[in-house]
Amino acid sequence: MDELKKRAKELLETGAVKVVIGYEQGTGNKTRAAFIQKPEEVSRLIFDSRCVLNLAVYLNKPEVKQIGKPAIVAPIPVLRAIIQLASENQFTDDNLLILGITPESKFVEFNKLADVETYLDQHLIEIEARDKEILEKLDKMSVEERWNFWVEELSPCFKCYACRAACPMCYCHRCTVEMNQPQWISVPSHQLGNIEWHFMRAMHLAGRCVDCNACANACPIAIPLNLLTKKTLEEIKVSFGGYKPTLTGGHIMSTFKPNDKENFIR
Amino acid sequence: MSEFEPKVVAFVCNWCTYAGADLTGTSRIKYATNVRIVRFPCTGRIDYMLLMKSFAEGVDGIIVSGCHPNDCHYTSGNFQARRRWIVFRNLCDFMGIDIRRIQFSWVSAAEGAKWADVVNTTVTTIRELGPYTDYKKVANYFEKEVSHG
Amino acid sequence: MSTDKRLVKKTSLDKLFDSIKQQGKTIFAPKLKNGKVNYEQVERFSDIATDYIQTTQSAKVVAFPRTEKILDYTKSKEGIAVVEIDLQSISEVVIWGVRPCDAAGFLPLSAIFNWDTKDIIYNTRLEKTTLIGFSCNKCDESCFCTSVAGNPGGTEGSDMMLTQLGDNGDYLAEIITEKGKTIVDKNPDLFETAGEIDKQKYLADVPVKFNQTEIKDKLANFFENEIWLQQSLRCIGCGACASVCPTCACFDIQDEEHGKRGSRVRCWDNCGLSIFTLHTSGHNPREYQSQRWRQRILHKFSYMPERLSVYGCSGCGRCSRACPVDMNIIEHLTAIQEA
Amino acid sequence: MSENIYMPYQMRIEKITHEAPGVKTFRLKFINEEDENKFNFRAGQFGEYSVYGVGESTFCVASSPTRKGYIECTFRQTGKVTSALQRCEEGSVIGFRGPYGNVFPLEEWKGKSLLFIAGGIALPPMRCVIWNALDLRENFKDITILYGARTVPDLVYKHELKEWAERGDVKLVTTVDPGGETPDWKGEIGFVPAVLEKMAPKSENTIAIVCGPPIMIKYTFPVLDKFGFTDETIYTTLENRMKCGFGKCGRCNVGNVYVCKDGPVFNLKQLKELPAEY
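Residue numbers (the working numbering), protein chains in the order written: chain A, 27 to 292; chain B, 12 to 160; chain C, 39 to 377; chain D, 30 to 307.
Check each hint, because a few of them may be wrong.
[Unchecked claim] Pairs of lysine-lysine residues, derived as BS3-like cross-links and limited to a Cα-Cα distance of at most 27 Å, are as follows:
id	chain 1	residue 1	chain 2	residue 2
1	C	59	A	158
2	D	139	D	215
3	D	247	B	64
4	C	256	C	239
5	B	125	A	283
6	A	163	C	74
7	D	109	C	256
8	C	298	D	109
These are computed hints drawn from the structure, not numbers from a lab.
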């Protein structure tokens with residue numbers, strides 16, 4: 027951590043960046059995002075297992091952009107999000123500095139986005155065993171049981187859109203739910219609209235989701251909605267060889283192979 | 012009670028399946044009348060939300076059909092669509108949406124007989140499955156008093 | 039009426055629950071699900087959660103549901119038949135286990151729905167609701183009812199308030215309203231006479247964190263201040279805080295159509311979402327999150343006390359707990375007071 | 030009327046007038062006679078117009094309260110509801126709730142001259158006041174109307190503009206943005222503030238009522254100021270996103286003011302006291 031703080035301080039002192047986006051101690055036992063703009067404030071930076079918020083979500087926030095060039099403290103999920111966002115032309119090497127953090131909590135600085143991409147080759151997305159178990163359990167259910175499971179889980183959703191707001195990939199200025207001609211997703215929260223919203227969210231994230239769990243962590247009523255994106259990740263692995271954020275490879279869902287395999291089209 | 016007549020909607024591409032369905036008609040091949048055809052420029056244009064909305068509006072089954080691989084009028088629309096369908100279908104199944112009610116097919120402009128067969132088998136399947144009550148129950152939220160959570 | 043005080047044996051609590059249930063009332067009570075406690079329709083006394091500080095969502099749903107019908111319509115060749123919602127059909131509800139802050143939240147809510155025109159839908163729902171409060175014998179770092187004129191044993195808003203007299207102790211029942219009295223009248227054996235009891239010593243100690251009057255005075259001239267941007271930099275602009283808030287009343291009106299029939303519904307909305315104030319022209323008076331955050335604070339702590347003579351906050355701390363990015367309201371209000 | 034404040038009156042579209050591209054005027058009649066008898070409004074107020082199955086939309090009543098038996102509204106197709114309204118035909122039934130909001134203080138303006146300055150689709154809220162004043166013509170001194178639009182086809186109420194131009198007791202100046210004129214255009218060419226400056230309006234005993242797009246308003250106020258109009262004599266009507274119309278839904282809240290309750294009519298003095306969030 028000292029290395030990270032030292033580097034952050036340097037960057038701010040030399041004016042190489044205007045803000046360091048990192049984690050700090052929050053209230054109670056919480057951690058939260060810190061926007062360090064003065065070198066003397068780098069001591070606020072922390073990193074530990076509680077720091078699960080995906081900071082990449084702030085890179086597209088207008089107020090943060092207005093501060094100037096940022097450096098971002100980036101554990102693996104943040105690194106993945108950065109590469110995915112960069113591949114979607116959200117930023118380039120010139121307007122972002124990356125202060126990486128390894129799974130062993132070691133500081134590693136990246137000079138180029140391409141280096142991050144190479145680094146991530148050693149850290150491919152793996153669905154955690156605990157989640158795999160839940161997915162398997164759901165797979166074993168009958169269609170009706172699964173339907174009832176999701177109706178029950180999604181019905182309480184009151185559409186605060188915290189899942190969307192916490193997701194670094196949900197950066198659209200106007201989300202489909204806010205489009206009303208036609209109104210694809212009902213504005214009020216009710217069973218049908220909730221199912222449609224979460225279904226659509228998962229579809230829009232298919233092939234882009236970096237499995238950071240920010241959505242599920244953000245949900246105030248603890249809906250396990252990350253299971254949906256995890257399922258798409260699994261399917262992408264089975265059908266298209268798996269997802270990994272890449273700067274050049276094209277997106278899973280906007281590319282194709284003429285010999286993509288399926289067994290359901292007549 | 013009167014016998015259940017499935018309501019089926021077909022989303023088809025303009026260049027192959029729609030022409031194929033036309034051929035079915037001009038060839039005087041008889042097929043189930045339960046299907047309502049909606050024509051699209053290309054299968055790539057068939058948004059999965061249209062399928063979701065169809066169930067919400069009360070259909071019991073859906074057919075999605077377009078040009079065979081390599082035959083797309085726009086070169087690759089059907090390839091793009093196929094990728095989406097693979098993920099869509101899997102996610103549907105995971106969420107408990109009955110994928111036996113969604114039939115995907117490739118029907119070319121020359122396959123009038125195949126179109127009739129696709130429709131007939133789909134309608135038969137849906138007839139066996141019965142009305143899609145699980146989805147309708149959720150979609151008919153407005154019948155209930157909407158409140159308390 | 040002066041508050042009638044009774045004693046309910048700990049062992050009689052389930053009988054009281056069953057008796058209310060048998061009267062055909064729907065009971066909402068705190069229930070544990072997915073690791074979170076929320077008000078849910080409860081059938082059995084044993085399903086009620088006991089070990090929790092506060093439910094995730096507030097009790098406002100009974101009077102101001104997240105989605106509720108205003109009218110129904112049917113289209114036909116003859117035209118459109120419009121039927122307004124039948125207020126008679128609203129069922130009688132008891133909320134069991136309301137915290138004092140939650141009950142107090144109905145005051146600002148009622149003020150909003152009645153300050154000018156009277157919202158009969160809200161009023162009817164509230165009339166048909168009986169609030170059985172439970173005072174707090176513990177609190178957490180997000181609680182601040184004492185800073186907004188409340189207290190962990192506050193009876194305002196509740197129809198009956200139960201205070202447990204020590205761990206495993208019996209309950210002091212304060213009968214506050216006619217609705218509360220009805221419950222006693224229906225179950226006379228369960229409510230014993232109580233001697234002089236000082237409930238104060240059984241209540242949680244909630245420290246005062248700030249002075250709301252001082253904050254209100256300060257906010258009168260605080261619109262242009264850099265603190266809004268500073269505080270809201272980490273706000274991601276979701277509506278979690280407003281959705282769980284017992285006093286947030288902003289809503290949307292939408293039509294939901296299904297074939298030839300449909301309903302016009304009123305549903306929750308959130309001032310934190312950018313689309314809230316977006317004009318069709320594309321102009322947005324509150325374009326930035328800092329402006330929306332400012333609106334949230336000003337509305338609750340400046341505009342409402344000025345216009346409705348009631349603060350828009352009951353100190354439950356739900357917003358701080360629900361916030362995915364730790365926008366802690368105590369921290370921010372204290373900072374404003376000190377600014 | 031029902032106690033349910035969200036219940037709309039059922040209105041039949043009696044007449045549809047095409048005003049400009051995407052702009053229509055509806056003349057609405059109450060289906061229920063009882064509603065009509067109870068209904069009352071004053072110049073400046075607005076309502077919620079609804080298409081069943083689509084939703085509600087907020088705009089002003091464009092007809093004058095002096096014309097009884099119907100109300101009129103003019104709207105431009107922009108969003109979901111206005112698009113649905115555009116598709117309505119004569120005879121269709123729509124919903125209307127209202128009237129809401131405050132009014133132009135025409136009583137206070139007795140004996141004064143009125144200067145109306147409007148841009149584009151903002152003439153409708155003013156048309157209500159204009160007709161109201163014209164129907165009570167003896168109450169006011171000079172009445173001047175300056176109306177500008179981007180192009181000639183964009184001018185709304187073309188028939189009424191003609192009528193006003195022909196009336197001896199109204200001075201009408203119309204203008205279109207440079208490039209928006211047609212070969213036979215006889216009015217002014219130029220932006221509203223510039224034309225206003227050329228007109229050199231007298232501020233003595235005169236009320237200016239300004240309504241238009243934000244950019245027009247922004248440049249019009251200084252011109253009025255230059256000619257001696259005080260903040261108390263300049264009126265405008267605000268538009269904010271609204272849903273309920275009675276100060277509950279929270280959308281139109283600007284400072285401690287609810288535009289739907291305390292507005293939409295404000296004079297410049299009141300406007301300057303508001304934070305710039307409209």
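Going through the hints against the structure:
About 41 Å separates the Cα atoms of residue 59/C and residue 158/A, which puts this hinted pair outside 27 Å; it is violated. Restraint check: the Cα-Cα separation between residue 139/D and residue 215/D comes to about 33 Å, which exceeds 27 Å; the hinted pair is violated. Proximity of residue 247/D to residue 64/B is assessed by CA-CA distance (about 45 Å); at most 27 Å being required, the pair is judged violated. For the suggested pair residue 256/C and residue 239/C, the alpha carbons sit about 34 Å apart, so the restraint of at most 27 Å is broken.
At most 27 Å may separate the alpha-carbon atoms for a hinted pair to count; residue 125/B and residue 283/A meet this at roughly 26 Å. Taking the CA atoms of residue 163/A and residue 74/C, the gap is about 22 Å. The hint holds against a cut of 27 Å. Between residue 109/D and residue 256/C the CA atoms are separated by roughly 41 Å; this puts the pair beyond 27 Å, and the hint is violated. Simply put, residue 298/C and residue 109/D have alpha-carbon atoms about 19 Å apart, close enough for the 27 Å limit, and the pair holds.
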